[in-house]
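One line per chain: the protein sequences are A and B, in this order.
Take 29 as the starting number for the first sequence in this note's numbering and just add one per residue.
Take 29 as the starting number for the second sequence in this note's numbering and just add one per residue.
Because the hints were derived from the structure by calculation, they are not lab data.
Please read these numbers as outputs of a predicted model, since none were measured by experiment.
Hints may contain errors.
Once the Cα atoms are required to be at most 27 Å apart in a straight line, the calculated DSS-like pairs of lysine-lysine come out as [as the list claims (entries may be wrong)]: (1) K95(A) - K108(A); (2) K108(A) - K95(B); (3) K138(A) - K95(B); (4) K108(B) - K173(B); (5) K154(B) - K154(A); (6) K85(A) - K108(A); (7) K72(B) - K108(A); (8) K83(B) - K166(B); (9) K158(A) - K95(A); (10) K95(A) - K72(A); (11) K166(A) - K154(A); (12) K72(B) - K154(B); (13) K154(B) - K108(A); (14) K95(B) - K154(B); (15) K95(A) - K138(B); (16) K95(A) - K154(A); (17) K95(B) - K138(B); (18) K72(B) - K72(A); (19) K95(A) - K154(B); (20) K83(A) - K95(A); (21) K72(A) - K108(B); (22) K108(B) - K154(A); (23) K108(A) - K83(B); (24) K158(A) - K83(A); (25) K83(A) - K173(A); (26) K108(B) - K95(A); (27) K158(A) - K138(A); (28) K95(B) - K95(A); (29) K138(A) - K108(A); (30) K72(A) - K95(B); (31) K95(A) - K72(B); (32) K108(A) - K85(B); (33) K154(A) - K173(A); (34) K95(B) - K154(A); (35) K83(B) - K83(A); (36) K85(A) - K108(B); (37) K154(B) - K166(B).
There are 2 protein chains.
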Amino acid sequence: MPAKTIRRLAPAFALAVLTVSNVSVAADPEEMIEYRQGAMEVTKYHFSTIADMLKGKIEYDPAAVEKHAAVVQMMSTLVKDEFPEGTDALAGETNALMEIWDQPDAFADKVAEFEDTSEELLAAAKSGDKGRVASAVKDVGSSCKACHDDFRREE
Amino acid sequence: MPAKTIRRLAPAFALAVLTVSNVSVAADPEEMIEYRQGAMEVTKYHFSTIADMLKGKIEYDPAAVEKHAAVVQMMSTLVKDEFPEGTDALAGETNALMEIWDQPDAFADKVAEFEDTSEELLAAAKSGDKGRVASAVKDVGSSCKACHDDFRREE
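The whole structure should be built from the sequences, with the hints applied where relevant.
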């Protein structure tokens, strides 16, 4: 097949793959963007609440930590589906950089790191070991920063 | 105790109760409002994706339905903490009506209904019974509408 034909077909293949792996792709890119910005807010709130407890800004409550960690962990599993093809059309109007779609493997690695560290945060929260929670919070925070450094426009 | 003194002390009691039940209250009402609006977006996206599958707008995928239902169920458990005292200060700038804070018991009933119907939706999704999922989606939708009718400003 000539390279030109392959290039012409590539978007169709990409779409086919997406249809299989992301059955939940929203029809409307703007809705998808609103959703993923909401998801970021939810993640930020629950994660920063645990961080605030560790800093003593609010009372440390192991049961609440576990609840917040469970939300962060669940939210982490959703990120990989939050940036489907088509939602980059409005990338200029959001803080999502085109690198997300141009470097999908590098992006997937960062997202996987967020999933892994969030899973450890939940395990740490369930263990009731405050030191382990503190360590896990640091690792989740690092994974947030690593991804934002590469894939989010500086505000 | 004279009624006047009770009235003067009431906010202090309310705050004390809040401190116990909502350890996770955000310091900044505006942040809390951004969070809860994000939480609504997340809930709406995952719930409407299941609804779209039932409508045939996207392919019905039982595994995806279970994943989306798990998010809706978790989000439903968070609503009761999303409207703490203090976040009504900006109520005029959001669609949240003052009735949320003026009729806390009625509001709590609607929120509990959302939790219950979401739990049934997750159970239905796990059962793999599409008819049961359809029925549960209808009930969750009704609970959304019932709460929005009474406590959200019409857009």
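Straight-line alpha-carbon gap K85(A) to K108(A), limit 27 Å: With a Cα-Cα distance of about 32 Å, the restraint between K85(A) and K108(A) is violated, given a limit of 27 Å.
Hint consistency between K95(A) and K72(B) [alpha-carbon to alpha-carbon, up to 27 Å]: With Cα atoms ~21 Å apart, K95(A) and K72(B) stay inside 27 Å; holds.
Holds or violated: K72(B) to K72(A), with C-alpha atoms at most 27 Å apart: 19 Å, holds
27 Å Cα cutoff - pair K108(B), K154(A): Roughly 22 Å separates the two Cα atoms, so the pair holds.
Straight-line alpha-carbon gap K166(A) to K154(A), limit 27 Å: At roughly 17 Å apart (the allowed maximum being 27 Å), K154(A) and K166(A) satisfy the hint.
Given hint K95(A) paired with K108(B) - CA-CA distance at most 27 Å: The given pair, whose Cα atoms are some 13 Å apart, holds under the 27 Å limit.
27 Å Cα cutoff - pair K158(A), K138(A): 26 Å, holds
27 Å Cα cutoff - pair K108(A), K85(B): Answer holds: K108(A) to K85(B) is near 22 Å, not above 27 Å.
Restraint check for K95(A) with K154(B), where alpha carbons must lie at most 27 Å apart: 22 Å, holds
27 Å limit on alpha-carbon distance, applied to hinted pair K154(A) and K173(A): Answer holds: K154(A) to K173(A) is near 25 Å, not above 27 Å.
Holds or violated: K138(A) to K95(B), with C-alpha atoms at most 27 Å apart: Between K138(A) and K95(B) the Cα gap is close to 22 Å, so the pair holds against 27 Å.
Pair hint K108(A) and K95(B), alpha-carbon separation not exceeding 27 Å: 13 Å, holds
The structure does not agree with the numbered hints 6 and 35 stated previously, though it agrees with the rest.
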